[in-house]
Amino acid sequence: MAYRFDFSSLADYTPVLVQGVATTVGLTLIGGVLGVGIGIAGAAARSSGNAPVRFAVGSYVELIRNTPFLVQLFFIFFGLPSLGVRLPEWQAAVLAMVINLGAYATEIIRAGIDATPKGQIEAGASLGMTGPQIFRYIILGPAMGKIWPALTSQIIIVMLGSSVCSQIAVEELSFAANFIQSRNFRPFEVYFLATALYLALAIALRWLLARLGDRMFRGGARV
Amino acid sequence: MYNFTLWDILSNLLLAARWTVLLSAIAFVCGGIAGVLVLLARVAPLRPLQTAMKLYIELFQGTPLLMQLFIVFFALPLTGIETSPWTAAAVALTLFTSAYLAEIWRGCVEAVPRGQWEASASLAMSYGEQMRYVVLPQALRIAVPPTVGFSVQVVKGTAVTSIIGFVEVTKAGTMITNATFQPFLVYGLVGLIYFALCYPLSLSAKALERKLNVAR
Amino acid sequence: MSLADQSVSPSARPLVKLSNIRKSFGSVEVLKGVDMAVQEGQVVAMIGRSGSGKSTLLRSINGLERIDDGVIEVDGECVDPSQIDLRALRLKVGMVFQQFNLFPHLTAGENVMLALKVVKKQDKAACRAAAEAALSKVGLGHKFDAYPSQLSGGQQQRVAIARSLAMAPKVLLCDEITSALDPELVNEVLSVVRQLAEEGMTLLLVTHEMRFAREVCDSLVFMHGGRIIEHGPPAELFDRPQTPELAQFVGMVEAR
Chain L
1 MAYRFDFSSL ADYTPVLVQG VATTVGLTLI GGVLGVGIGI AGAAARSSGN APVRFAVGSY
61 VELIRNTPFL VQLFFIFFGL PSLGVRLPEW QAAVLAMVIN LGAYATEIIR AGIDATPKGQ
121 IEAGASLGMT GPQIFRYIIL GPAMGKIWPA LTSQIIIVML GSSVCSQIAV EELSFAANFI
181 QSRNFRPFEV YFLATALYLA LAIALRWLLA RLGDRMFRGG ARV
Chain G
1 MYNFTLWDIL SNLLLAARWT VLLSAIAFVC GGIAGVLVLL ARVAPLRPLQ TAMKLYIELF
61 QGTPLLMQLF IVFFALPLTG IETSPWTAAA VALTLFTSAY LAEIWRGCVE AVPRGQWEAS
121 ASLAMSYGEQ MRYVVLPQAL RIAVPPTVGF SVQVVKGTAV TSIIGFVEVT KAGTMITNAT
181 FQPFLVYGLV GLIYFALCYP LSLSAKALER KLNVAR
Chain F
1 MSLADQSVSP SARPLVKLSN IRKSFGSVEV LKGVDMAVQE GQVVAMIGRS GSGKSTLLRS
61 INGLERIDDG VIEVDGECVD PSQIDLRALR LKVGMVFQQF NLFPHLTAGE NVMLALKVVK
121 KQDKAACRAA AEAALSKVGL GHKFDAYPSQ LSGGQQQRVA IARSLAMAPK VLLCDEITSA
181 LDPELVNEVL SVVRQLAEEG MTLLLVTHEM RFAREVCDSL VFMHGGRIIE HGPPAELFDR
241 PQTPELAQFV GMVEAR
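Line order of the protein sequences matches chains L, G and F.
For the record, in the first sequence the residue sitting at position 153 is 153 according to UniProt numbering, with numbers rising by one throughout.
For the record, in the second sequence the residue sitting at position 195 is 195 according to UniProt numbering, with numbers rising by one throughout.
For the record, in the third sequence the residue sitting at position 132 is 132 according to UniProt numbering, with numbers rising by one throughout.
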């Protein structure tokens, strides 16, 4: 089985690959920011809201966490138009990523909130702060610092999971790989390279988020 | 045009779901066995072996399952193994599962206090004896909840195999959608089937963890 | 250089002999060439401030700390830095830890029997008999089937002693074995050690229980800065310290 790797034919497709990487990064960036936003809102609602709100958020979290991202994506892209909601490919992809990450982030951030010492909340209350003020100024920062590593891992999982967005013709990295291998008939080399690029993106993202976490939650991370 | 009843759709999806279950079970069992070997190599007192397994785990955790599937799908024929979507899916998911489980279990082995190693060492036990009689039994106990929890990821991971043409419940959903033009209903049902498979696993993982925390 | 010339004939070969033991953690040298000898049946306590190297020295005697230089000899088993297989040495050296380190998934009896079964390959009946005898010796024969979590700290430490004794070691190392105990539980453990000493067991202790050291030990070793700077009978060390370091240490201890 002396297979000969031949990456030479890939050089012509550099622009396609670059565009694929850029799209994957873009999807991850938007999905990551909005998803974490939903996570914070969801965690806040779940830890303070009334019973129906808690139930609704809980159902959302469990429903998303117990179904595959690919099916969520198909449901949004193919299913929602029957309700009159027709989204372009990339918007459907971003929406699916936001909804998906939002559910995991809600659960992760809630765990951080639950770990807040009771005395901190009592101290805030005794200073006359309102519930939302306590959440914003006392609970959230340290909680985010504590769960930042877990959230980082989840964002990377979502980035890697975005590879299936090629299935609704979003032109991200794995779409680029599929496209190239259909032209040059060197699937092994193409997927090898694409996999290496994903690995590099994952390593870069982990590094970047670690720096970001250090800057944003310097106090909280060392609790 | 033939009109599909709800029952037609559901029964076809459920028939396909058998393959989802079977593939999940195979990946979980084979991945678990392979994962034990990866784990033992990962924590063995041999630097090169540790490093190799660390790379193995990082490779699978740092790349998309979809790419792993494609590579296995195109690599297997090079080794002379005849490749169907079925074998490629089983092999790729097994490797994927072994890497994740090995990493989960490594955390459990490392959670066993150093004093346990020292006490068993001072009783003249060899590395293998320490592992087998002292460390692994304790690690196993705390490993059960996260392991059950990870089985959910395996079930969901099987959906990606539809992309290389393995006909499990997601692929069946796509095929039925193409025939019925009812994507909302069909993908909704597909989602519910996954939920019915995964939610009990999630719940039991949570219950097991609660039980473990109480026992401590 | 023997430490206890007064109790044993000088010609007797020491049971434990340490020669020029050196050990560094990174750039910090914690043992700077330690020599020491212990005769069979002797009870020796190592004293000194934390960080003086006494625990590291004790742990090196059964290979839990790998030494950088020197030779450890226990009853004819030699260990030097090149040696990897410590099994023979550890069969002759038992150890009891500050944190007990019982195996939490096994009952008291199973804790004692485990090494008899897997290391010494004794049959079931022999294991059981040995475990029962060892547990009775520490006054816990009735706790054979109890799990560590069901025992008090003092009871757990006595099970740990029984676990070591059952392996019939030539010498027993005790590393601050009462430091993690509530004050009211200290005596039940010390009285077991005292009983072992009376029966002629060779004991090497790291301890902060100065009164116990004074009453029970044949010899004390005072460590400071990675060296043994004084050694001799307890009364001599406590009452007539020769170095300012020991004088200060004794003063500090007695002030407590």
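Everything labelled a hint here was simulated from the structure, so no lab data went into it.
A quick note: this is a predicted structure, and the numbers were derived from the prediction, not measured.
Heads up, some of the hints might be wrong.
[Said to hold, decoys possible] Only pairs whose alpha carbons sit at most 30 angstroms apart, straight line, appear in this in silico DSSO-like list of lysine-lysine:
| id | chain 1 | residue 1 | chain 2 | residue 2 |
| --- | --- | --- | --- | --- |
| 1 | F | Lys170 | F | Lys137 |
| 2 | F | Lys143 | G | Lys211 |
| 3 | F | Lys143 | F | Lys124 |
| 4 | G | Lys211 | L | Lys118 |
| 5 | F | Lys170 | F | Lys121 |
| 6 | L | Lys118 | G | Lys206 |
[As the list claims (entries may be wrong)] Chain G is nowhere near these chain L residues, computed Cβ spacing over 12 angstroms in every case:
| id | residue |
| --- | --- |
| 7 | Ile30 |
| 8 | Ile157 |
| 9 | Ser166 |
A virtual CB, placed ideally from N, CA and C, is assigned to each residue, including glycine.
### Query
Is it correct that the beta-carbon of L/Ile157 has no partner in chain G closer than or equal to 12 angstroms?
9 angstroms, violated
### Query
Beyond 12 angstroms from every Cβ of chain G: is that where the Cβ of L/Ile30 lies?
18 angstroms, holds
#### Entry: Check on L/Ser166 being off the interface with chain G, judged by Cβ distance over 12 angstroms
8 angstroms, violated
### Task
Verify the proposed pairing of F/Lys143 with G/Lys211, using a straight-line Cα cut of 30 angstroms.
26 angstroms, holds
### Task
For the pair we were handed, L/Lys118 and G/Lys206, check the Cα-Cα distance against 30 angstroms.
Judged against 30 angstroms, a Cα distance of about 24 angstroms means the pair holds.
### Task
Verify the proposed pairing of F/Lys170 with F/Lys121, using a straight-line Cα cut of 30 angstroms.
19 angstroms, holds
### Task
Could you grab the alpha-carbon distance between F/Lys170 and F/Lys137 and see if it respects the 30 angstroms cut-off?
This hinted pair holds, its Cα atoms lying about 17 angstroms apart.
### Proposed proximity, L/Lys118 with G/Lys211 (alpha carbon, max 30 angstroms)
24 angstroms, holds
### Task
For the pair we were handed, F/Lys143 and F/Lys124, check the Cα-Cα distance against 30 angstroms.
Answer holds: F/Lys143 to F/Lys124 is near 19 angstroms, not above 30 angstroms.
Violated hints, listed in ascending order, are 8 and 9; each of the other numbered hints is respected by the structure.
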